[in-house]
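K.L.:
Given chain A, work out where chain B should sit, using these hints.
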Amino acid sequence: MNIAWRIVAVIIGGLFIYAGVIKVLDPVEFAGDIDNYKTLPWPIGVRLAFYLPWLEILCGLALITRVLYRGGVFILTMLMSVFIIATIVAKTRGLDISCGCFGHASQYLSFAWHLALDFLLLGGLLFLWRTRLPNDGALA
Amino acid sequence: MKSLLRQTAVLIGLALLPSIGQALYYRDKVSWQTPVAASEMLTLAQARGAADLIWIDARPEEEFERERVPGALLLNEDRWNELLPQVLAIWAPEKRVVVYCSSESCGSSREIAHRLRKEAGLTNVFILEGGWEAWKKEKP
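Taken in order, these protein sequences are the chains called A and B.
Read in order, the letters of the first sequence correspond to residues 1264 to 1403 in our numbering.
Read in order, the letters of the second sequence correspond to residues 4 to 143 in our numbering.
Looking at chain A on its own, in the form it has when it is part of the complex:
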C-alpha cells in the first residue's frame, strides 16, 4: 500500500509539474485557453494564467517531496474539481475549447479522453487524500 501510494504521488506530482512548466513557458497562450471558457473576464483570466501554473508546480513538488503534502493534495483536488466542472459546462454551452492543460500536445485529445484523464487524476488525488502519512499533521 505504501509503495502504491508513493508511485501514485510521484506520477501525479510529476504530471502537474509538467503541466505547470508547459504553461509557465507560455502564459499568454494559457491566458487565451482560460478565456476560451468564457467564464472569467480577461483581466482576471490573464492574472490567473500567471499564477495557476506556479501553484500547480509547487503542489506537484509537495506531492513528490512530501513537504506540505496535505496542502498540495487539497489544492490540486480543488483545482481538478473546478476544472472538470468548467470543462463540462463549456461543452454543454457548445464552446469548442482547448483545455491547455499540457500545451498543444493535448489539443488533439477528444472531449471524452480529456474527461477520462481528468477523472483519473481526480481519482488518484482522492486516493492520496485517503492515505495517511507517518507524520501526518506536520508542516513538513
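Check each hint, because a few of them may be wrong.
Away from chain B, derived, C-beta distances all over 12 Å, residues of chain A [as the list claims (entries may be wrong)]: (1) 1265; (2) 1266; (3) 1268; (4) 1273; (5) 1274; (6) 1278; (7) 1330; (8) 1344; (9) 1349; (10) 1355; (11) 1382.
When the alpha-carbon atoms are kept at most 30 Å apart in a straight line, the in silico DSSO-like pairs for lysine-lysine are as follows [to be verified]: (12) 1354(A) x 1301(A); (13) 1354(A) x 140(B); (14) 121(B) x 1301(A); (15) 121(B) x 32(B); (16) 98(B) x 121(B); (17) 98(B) x 32(B); (18) 98(B) x 139(B); (19) 1301(A) x 32(B); (20) 139(B) x 1354(A); (21) 1301(A) x 140(B); (22) 1301(A) x 139(B); (23) 98(B) x 140(B); (24) 1354(A) x 121(B).
FYI, nobody ran anything at the bench for these hints, they're computed from the structure.
C-beta: ideal position from N, C-alpha, C; glycine also.
P.N.:
Chain B only, in chain A's frame:
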C-alpha cells in the same frame, strides 16, 4: 484541519512570489485589460485600404469552404502543420497578415496569430476586429 489550512495557505502564498516576478517580466508583453492589444488589431476599414495583405481564415474548414474573404488561406489548429507551408510560401516581411475567425468573441484567430508570431516567427500579424461577422456585415 489547522495543519491543512496552514499548508494550503503556505502553498498559495509561495506560488504568488514567482508569478508576480513573471508578471513583472511580462508586463509590457501582455495585454492586461483586453484579450488582444489595440496595436495587434486591424479594423475592416484599415484592412480594405491596405495593400499586400495575406488573409488567414482560422475558422473550421466547412465554414471556410462555404464562404470566405476573397483570397483567404485556411489555417486552423486542426491542420496547422499541413496548412502552414502555404502561408509561409507567400509570406514576406513587408506583407501584413490578417487573421480572422467567426466573430469578435471567438478565440481561434488570437491563437493562430499567436502561433504565427511565436512558432512560425512571422511579423506584422494582426487580427481582424469583429472577425468574419464584421466582414459579412460590411461587405461591399
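K.L.:
Each hint needs a verdict: does it hold in this structure or not?
P.N.:
Going through the hints against the structure:
1. 1265: Nearest chain B Cβ is 21 Å from residue 1265(A), so the label holds.
2. 1266: It holds; residue 1266(A) is separated from chain B by about 24 Å at its closest Cβ, greater than 12 Å.
3. 1268: holds (18 Å)
4. 1273: The assertion about residue 1273(A) holds, with a minimum of 18 Å to chain B.
5. 1274: Answer for residue 1274(A): holds, closest chain B Cβ roughly 20 Å.
6. 1278: Label holds. Min Cβ-Cβ 17 Å, cutoff 12 Å.
7. 1330: Answer for residue 1330(A): violated, closest chain B Cβ roughly 9 Å.
8. 1344: Label holds. Min Cβ-Cβ 15 Å, cutoff 12 Å.
9. 1349: holds (15 Å)
10. 1355: holds (17 Å)
11. 1382: holds (23 Å)
12. 1354(A) x 1301(A): Roughly 11 Å separates the two Cα atoms, so the pair holds.
13. 1354(A) x 140(B): Between residue 1354(A) and residue 140(B) the Cα gap is close to 29 Å, so the pair holds against 30 Å.
14. 121(B) x 1301(A): holds (24 Å)
15. 121(B) x 32(B): holds (13 Å)
16. 98(B) x 121(B): Between residue 98(B) and residue 121(B) the Cα gap is close to 17 Å, so the pair holds against 30 Å.
17. 98(B) x 32(B): Holds, at roughly 23 Å.
18. 98(B) x 139(B): holds (24 Å)
19. 1301(A) x 32(B): Holds, because 22 Å separates the two Cα atoms, which is no more than 30 Å.
20. 139(B) x 1354(A): Distance of about 27 Å is within 30 Å: holds.
21. 1301(A) x 140(B): holds (24 Å)
22. 1301(A) x 139(B): holds (24 Å)
23. 98(B) x 140(B): With a Cα-Cα distance of about 26 Å, the restraint between residue 98(B) and residue 140(B) holds, given a limit of 30 Å.
24. 1354(A) x 121(B): Between residue 1354(A) and residue 121(B) the Cα gap is close to 28 Å, so the pair holds against 30 Å.
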